[in-house]
Structure formats: C-alpha cells, structure tokens
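> Work out the full structure, taking the sequences as your base and the hints as a guide.
There are 2 protein chains.
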Amino acid sequence: MTRVETAIAFARAHAKDALKGLEELLRIPSVSTLPEHKADMDKAAEWLAARLRSLGMTQVEILSTKGHAAVCGERITAKDKPTVLVYGHYDVQPADPLDEWRTPPFEPTVVGDNLIARGASDMKGQIMAQLAAVEALLETGGLPVNLKYVLEGEEEIGSPNMGGLLKAHQDRFTCDAALNCDAGIHAPDLPGIVYGLRGLAYFEIEVRGPATDLHSGLFGGIVHNPAQVLCELIAAMHDSDGRITLPGFYDSVESLTDEERAVIAQCPTSEADWRRMSGVPALWDGEKGYTAAERIGARPTLEVNGFLSGFTGQGSKTVLPARAVAKVSMRLVPNQEADAVAGQLREYVKRHAPDTVTCEVREVIHGPTAIMNRDTPYMRAAAKALTDTFGVEPVFKREGGSVPIVALLQQELGVDPVMLGFALPDDGVHGPNEKQHLPTFYKGIETYIRFLCEAGGIAGARGKR
Amino acid sequence: MTRVETAIAFARAHAKDALKGLEELLRIPSVSTLPEHKADMDKAAEWLAARLRSLGMTQVEILSTKGHAAVCGERITAKDKPTVLVYGHYDVQPADPLDEWRTPPFEPTVVGDNLIARGASDMKGQIMAQLAAVEALLETGGLPVNLKYVLEGEEEIGSPNMGGLLKAHQDRFTCDAALNCDAGIHAPDLPGIVYGLRGLAYFEIEVRGPATDLHSGLFGGIVHNPAQVLCELIAAMHDSDGRITLPGFYDSVESLTDEERAVIAQCPTSEADWRRMSGVPALWDGEKGYTAAERIGARPTLEVNGFLSGFTGQGSKTVLPARAVAKVSMRLVPNQEADAVAGQLREYVKRHAPDTVTCEVREVIHGPTAIMNRDTPYMRAAAKALTDTFGVEPVFKREGGSVPIVALLQQELGVDPVMLGFALPDDGVHGPNEKQHLPTFYKGIETYIRFLCEAGGIAGARGKR
Chain H
126 MTRVETAIAF
136 ARAHAKDALK
146 GLEELLRIPS
156 VSTLPEHKAD
166 MDKAAEWLAA
176 RLRSLGMTQV
186 EILSTKGHAA
196 VCGERITAKD
206 KPTVLVYGHY
216 DVQPADPLDE
226 WRTPPFEPTV
236 VGDNLIARGA
246 SDMKGQIMAQ
256 LAAVEALLET
266 GGLPVNLKYV
276 LEGEEEIGSP
286 NMGGLLKAHQ
296 DRFTCDAALN
306 CDAGIHAPDL
316 PGIVYGLRGL
326 AYFEIEVRGP
336 ATDLHSGLFG
346 GIVHNPAQVL
356 CELIAAMHDS
366 DGRITLPGFY
376 DSVESLTDEE
386 RAVIAQCPTS
396 EADWRRMSGV
406 PALWDGEKGY
416 TAAERIGARP
426 TLEVNGFLSG
436 FTGQGSKTVL
446 PARAVAKVSM
456 RLVPNQEADA
466 VAGQLREYVK
476 RHAPDTVTCE
486 VREVIHGPTA
496 IMNRDTPYMR
506 AAAKALTDTF
516 GVEPVFKREG
526 GSVPIVALLQ
536 QELGVDPVML
546 GFALPDDGVH
556 GPNEKQHLPT
566 FYKGIETYIR
576 FLCEAGGIAG
586 ARGKR
Chain P
126 MTRVETAIAF
136 ARAHAKDALK
146 GLEELLRIPS
156 VSTLPEHKAD
166 MDKAAEWLAA
176 RLRSLGMTQV
186 EILSTKGHAA
196 VCGERITAKD
206 KPTVLVYGHY
216 DVQPADPLDE
226 WRTPPFEPTV
236 VGDNLIARGA
246 SDMKGQIMAQ
256 LAAVEALLET
266 GGLPVNLKYV
276 LEGEEEIGSP
286 NMGGLLKAHQ
296 DRFTCDAALN
306 CDAGIHAPDL
316 PGIVYGLRGL
326 AYFEIEVRGP
336 ATDLHSGLFG
346 GIVHNPAQVL
356 CELIAAMHDS
366 DGRITLPGFY
376 DSVESLTDEE
386 RAVIAQCPTS
396 EADWRRMSGV
406 PALWDGEKGY
416 TAAERIGARP
426 TLEVNGFLSG
436 FTGQGSKTVL
446 PARAVAKVSM
456 RLVPNQEADA
466 VAGQLREYVK
476 RHAPDTVTCE
486 VREVIHGPTA
496 IMNRDTPYMR
506 AAAKALTDTF
516 GVEPVFKREG
526 GSVPIVALLQ
536 QELGVDPVML
546 GFALPDDGVH
556 GPNEKQHLPT
566 FYKGIETYIR
576 FLCEAGGIAG
586 ARGKR
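If you're matching them up, the sequences are chains H and P in order. Basically this note's numbering = 1-based index in the first sequence + 125. Basically this note's numbering = 1-based index in the second sequence + 125.
The reader is advised that the hints may include incorrect statements.
Note: identical chains are not told apart, hence a pair may lie in one copy or across any two.
Unchecked claim - Quick list of in silico lysine to any residue cross-link-like pairs, SDA-like style, CA-CA up to 20 Å:
id, residue 1, residue 2
1, 475, 408
2, 475, 390
3, 413, 383
4, 413, 480
5, 475, 407
6, 413, 361
7, 475, 406
8, 163, 438
9, 145, 189
I should point out that these hints are in silico values taken from the structure, not numbers from a laboratory. All values reported here derive from a predicted model rather than from experimental measurement.
Take a look at the structure:
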C-alpha cells in the first residue's frame, strides 16, 4: 500500500472514533455571541487543546484575547518539509429558533446518513475530520508536513480579535501555506474549492419616536410610527431593479471579467437545486443583469437579519411602539470597504429619515472580502486530493459567505489560504437542524490525508517554522 | 347642605379609603390577553363581586363567557327613578416593556400627585371612583337612581364575548341609560365628554419565505428576504399624502360636516401639548388636509403595533429569516366595517406580495365605531356634573381609541351610553409607567355623585328595571 493508502485504511478502521470525538465536541454549546455561554466557550477551547496534546502537538496553548480565546499548537517534525497552518473555529451560531429543531441542537443525533447538531457542519465537523486525518497519518508512519494550528472562538461574531492575535504571535504562525477548513463543496458527489469570499458589514438601525409605547388609538394619526418609518427606510434600500440604493454603494465594486463569469457559470447548482434547498416557492430575481450564481457569490447584497418592534406576543396590544430596531447587513465584494459602506448607510438614513423620529446606525461587525489565486502549488494539491477522493475534478467557486480570517491570513502572514472543507449547501448552517453528511465527513478525512501528503511533496517550500 | 354636598363631604372624608381600595385592585395583574394571568383574572372578578356585595348590591354574579367572565350586580331601590347601567372593565394591557417601568407595574406607587400602576388610568381608577361615589351616596341617604353593573374582563382584547353576554342576559341589563366610565377628559382643569369612538380592525400579517432561517451569505441575492418583503408591503400601505392605500379603504368613510369640524376644532389640546405628551421630536403630518385633532379622532389610521423577524438578540447572527410577522391595526370611523377592511387588506396583500413568498393575513380582533347623540338628558346631566365639579364647561370630543362596548350597548340595549371618565391624555395608558392623577381621581368621585343625582331628576325616565 502507498503512504496515502495505509493512512486511509487506518482512518476507515477508526471512523467510529472520529464520529465519537465530533459528537463530544458538539455537546459543548460554544455560542460565541451569547454571554451566557462564556463557560462553554472556555470548555470547548480546553477540549480542543487536550485533543491537540493527545496528537503529540507541542506549544499547545489557549491564547486569550479581548474576547474568546484561540487554541494553538504545532508539530514540527518533518525536516525540510513545508509548514502548513491549519485554521478552524470552535464557536457556533446561536441555536434559535429552538422550536424548529427536531432534535436538541446540542445533543448530536444521527438520523440516516446525517449527524444533526448546531456546529456539525459549521465547522466542528471539519476540525474533527482534519484531526482524524492527522491521527491516521501519525499512526501509520508520521506527518508528511509540519503542522501549526489556530482554532479561534470568534468567527461567528466576525473574528474581531484575530488580526491582533496573528500580529502579536507572528512567529508562532509563520508558515508556507495555510489550510482553512471552514469551507464547503457543491454536492456529495461534486467537490469544489472556494477561491473568493464576500465581505460583511453588519449594522443595527434603531428608529426612536415617542418617549414610550403609546396607545395607538389616542396617538395614531399624529405620531409617526417608528416601525412604519423603519419599514419605509428598509423598503427603499432596494430599487425596482433589485439594486441597493445606498449612495455610492456600487462605486467601488469591481466588475466581473468575462473569464470570471465563465468560471462562475460552471457552478453545477441549478436554480431548481437552490429552490429545493431553501424551500422557497420561487427564487428571487435580485439584482438585474446577473445570474443566480453571480448574485449569490460575486455581487454585493443587503439583507434584513432581524427586526423587532412593539408587541410581538400572542393576541393583540394596541400600541404605537416607541422604537423599532433592525439588524441589516451587507455582503461585500472586491473592492468594497465595510467602513465606506457604514458611511453610505449613515448618509442614506440621514437623507431619508423624517424629522418626526431620531435614527441611530450602530456598527456591529465588519469583515473584509477576499479573492485567492487559483493557480498555486497548494491550490493544485487541494484539487488533486479532491479529484482522487471524489473521482471528479473540483469546480472553483466564489462563495457568498464571509470568512474574515482569509483576508487576515493574506495580510498578516502573506499566504493565500487553501479553502478545503466539506460543508454541503443544504446543511442548514446558521439555521435549525444543522447537519453533517457523514459519508462526506469520512471523504473529508481522506481528502485531508491526501492533501497533506501532496503538500509534503511540494518542491521549493521554504520550510518556514 | 344639599343632597350632593353631603355626599361629597362624605367622599372627601373617605378619600384615603377610596385610594386604598384602588391600590388593592391594582395589585391583581389582570392581563386578559396573556393566558398565564387566567387566575389573576378570576381573582380580580371575585374581588369586584365582593366589593359590589359590600355596597349592598343584589344579583351579584360572575357571568362566565367563552373567555373571561363579567361581574354583574344591581341595586334597584329608587322607586320611579331611572335605572342606570354602569359599564367598566377590570382587565388591563400587558405591562411590557417591563424594563421601562420606574416602579413595578403591579405594585401601585404614589409619586407626587400620581398613582403609578398598570390599569391605574385604564380603567381600574374609574371603576373605583364610581364605586366610591355610590358608597358616599349610600352612606348619606341612599341612591338617587337604580343601578346595574356590568364589569367585563375582555375590553383590552376587543370585547369578543360582550355582544353575546348582553344578548343572553338582556333582562338583567335592561336600563334607561348607560354610564360608560372608560373615558377621559382633556386636562386636570378642563373636562370633556367623548361622543365618538373609532372602531378597530387588528390583524397579523405573516410572510414566509424559505423553509428555515438560511445563512445570509449563502442565499442572500437569490432568496427573497421575508422581512424585506414585509417592510415593502407595510411601507406602501401609506402614500406620500399619508393616505392609506388599501383598495377601497376610504370608500365608505363618512365625510366630516362643517359643524362637526367646528366642534372638533374646540379641542383645547395644542400640537405642542401632543408633542410634549408623546415625547416625539416633531408631530407627524399624517393624512393631508386634516388637522391633528381630526386625524387623531375622526379620520381612520393604520398602525404597525408590532414586528418580529429573524435574530433580535444581542450582537450579530447572519441569517436570512424564514419568516416575518407584523401586527397591523386600523382605527376605523363611521361607516367603515372591520370585515370590509379585512377584505381590503387581503386584496392589498394579494396584489402586492411577490410570488417568492407566501403571505397570510390573520384577523385578531375587530371592534365597531360609535357616534353618540350629544343632546340627550343624560348627556346634559353629565355636562352639568362636570361643569359644577370643574367650574368650566366640558368640551365634546371624538376620541381615537376604540371601546367596542359603546356600539354593543347601542345595538343590544338601545341606549346611547354616556362616556364619563377621568383618564388624562398623558396618563400613559397601554404604555409603561401608566398613572392615575389623584386630584382628578377625587374630582371624578365628585362628578359621579353629581351625575347620579342629576340623572335621578330626569323626567320621563321609563323606569326600566
């Protein structure tokens, strides 16, 4: 058997152990945005540090930040071989709406081919698949590359402290290549590599009218309803062509080249697939002049993520609410800057808000956009690993989500991270009943084994430690 | 001393007892719309039944309905005198937003001239003022009229069972006149009589898009955001002239006559008063072509009472919400019918909702409009009682709120109820820190004494028992 084959044979023989480890990690409700889960965050970090130590890692440390800590460790044993920095995040999104989960979000449950739990796909599954690959290699002859780890606890809240962490510990993270496991493929039988990510600018808009909730009969007609004002502000943020109306919003947006439109057009997901995955009666036309695949990955969008005003309990309460708050976020593309978008939103609100209310725009989180070179040795190594595992070549894609670490790794460490992960489009990440497709999880382990072996053979690596 | 003077002297000597009784009733959190307060509703009904018995009422009974019970009783001792049916409601609005109360909503607290508690003004204060007037008359020679009581527990949820109750027990409620204590005056030094009430049509609109909350990056641009759709639907419900755009909404609206506009123009509340009371930076122009007093009382309005969608906790969650729900209600004027408005809203949603979502319009509660004859003996008795107590003549007004019982009393018992109550415009009814202005509460007791004495002298009363 080849080196790869023996490691894969080990991984297959120990698949149940990998699943068991993943279930253990999923039972820790490491929700980074909710203060009441602080202890769970610490617990998850300690669990991962222990796991790194059990794999013979050294320099294992829980690096504290102003927010949640990052778990680090390394195994530098392969002389003259490249050093690969593995990135992942152990935090997850809140589980609400809780009543839509068919099984408890933090009690991982296998249903058919799927493991259901918050974080199963985003992204505890990928962390544990990568570590299973490392274990298989260690148990069958050793690592073909040197490895370093940075597993953060703040990806789901926009990685506010990762830039500072990478800067403060630059020596620790010096590497030849970075492997970002927070990624996905197109379908269980169709691999893909994400080479572009949208940025994020996330805001809260608050409209305040009367000093307190008023009786809607006694004041309706002379007091401007803050919920109505906020509805009007949000409604006018898109024009009839589906374009975003913030002043100057498209000014810096890089046009898509014909070559890039051709790459994006290879996206194998059909509109019918997206409709089925989302469960909508019909897809939205969105911005005119762009295909669905372009709109979802390569064009900027604006979404209402939440809206709260007045009485929302059962039955009726005839109030004219004192205030209305919406969470509104934009996905950005090159060369949009979140700070500039914040200015555009403030200007929009200033121009359109009536003097009958006061408005406040609060910046919640920002994340940069990133585009990676599709033609590097490590990108080719990832493509070969996927082709060998799935029997079909991967399709390159630009993804609609935002992973701030990608731009940070580019900026701080000078590496183009390889996005190699195994989330599926219908995994329900961020929503209820999030799942990990287990056959894909196992293929993920094999792909990571192949990728590390391919990376070990890359000539010209500088052997950065 | 005259009959009135002796009763008033008694009331003044026992003012503290009246306040104590009111505080007791306010401590019972009788919130009709919240199922968890069912036991409190029963407790409040029993408390009032005991109070009626202690005043020598007979036929005291808690009449159950499909919802909350109504408390009834009577004292038929004044031979050849008219019988006055007293209406009130013992239920209150929910206390939320709780964190905006400076004192606990169900622990009545005297601050300066005011008693702070949910229900202090709407309307446990008026019930207890009226009963204090009855006690003063009983203790100083007896009642000048016959009295019947109906104190319901469902006014704040639209009196859904009062029509049936009045029909089922018509003999019990037969009367010559009705006194509706659920009313207010303009200012502590300026009495008023409400002779018109707006109707109410209250709805929930739900917009459903994807089957579950989606990742806003992975689906933003191709899935129509239900919160955005609902914002667009609501935003377009008013045109640039502040008019409501539901198809046919104004078709049946009765025009204001010049005479009525002149009566409404006597409203002493200035725009500056309203701005101060509501705490808004500027009043809303609302429907073009109408004064503030007309818009607030005599023209129909549409309000968003609540809006909920997506993630509304602290921080960020990048979801594209599966659904958005708004509570939207209209205040109606003669001759609008809530059923017709429901049809107009359904038609509006049908015309404007895109096929990317599904929409549902749910009817929550409806209440009819009412206009009362300003020139009846009982209306004149009320005006005289107010003039004698306040030293200034009352101003007639049409009020923006909705009190379904008014139209029900007209329909079922054939009487035009006299609206005689003492809520003030800045009492904060339905909002946090609701208050009862105590000097006005005591003047209310005196006014009720005078009204009952005036009513006892009305000739031609049919003596309906």
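> Could you place residue 145 and residue 189 in one of the four classes (within, between, both, neither) given a Cα distance threshold of 20 Å?
Answer is neither; intra-copy 28 Å and inter-copy 58 Å both fail.
> Checking residue 413 and residue 480: alpha-carbon separation at most 20 Å within a copy, between copies, both or neither?
Classified as between; 17 Å across copies, 33 Å inside a copy.
> Could you figure out if residue 475 and residue 390 sit no more than 20 Å apart (CA to CA) within one copy, between two copies, both or neither?
neither (39 Å within a copy, 35 Å between copies)
> Within a copy, between copies, both or neither: which one fits residue 413 and residue 383 at a CA-CA cutoff of 20 Å?
So residue 413 and residue 383 pass the 20 Å test inside one copy only (17 Å; across, 52 Å).
> Pop the pair residue 475 and residue 406 into one bin, within, between, both or neither, using alpha-carbon distances up to 20 Å.
between (36 Å within a copy, 15 Å between copies)
> Given a CA cutoff of 20 Å, do residue 475 and residue 407 count as a within-copy pair, a between-copy pair, both, or neither?
Between copies, since 16 Å is at most 20 Å while 34 Å is not.
> I want to check one pair: residue 475 and residue 408. Are their C-alpha atoms no more than 20 Å apart within a copy, between two copies, both, or neither?
between (32 Å within a copy, 18 Å between copies)
> Within a copy, between copies, both or neither: where do residue 163 and residue 438 come within 20 Å Cα-Cα?
between (29 Å within a copy, 16 Å between copies)
> Is it within, between, both or neither when you check residue 413 against residue 361 at 20 Å Cα-Cα?
Cα proximity of residue 413 and residue 361: one copy only (16 Å, versus 22 Å across).
In terms of the numbered hints stated before, the structure departs from hints 2, 9, listed from lowest to highest.
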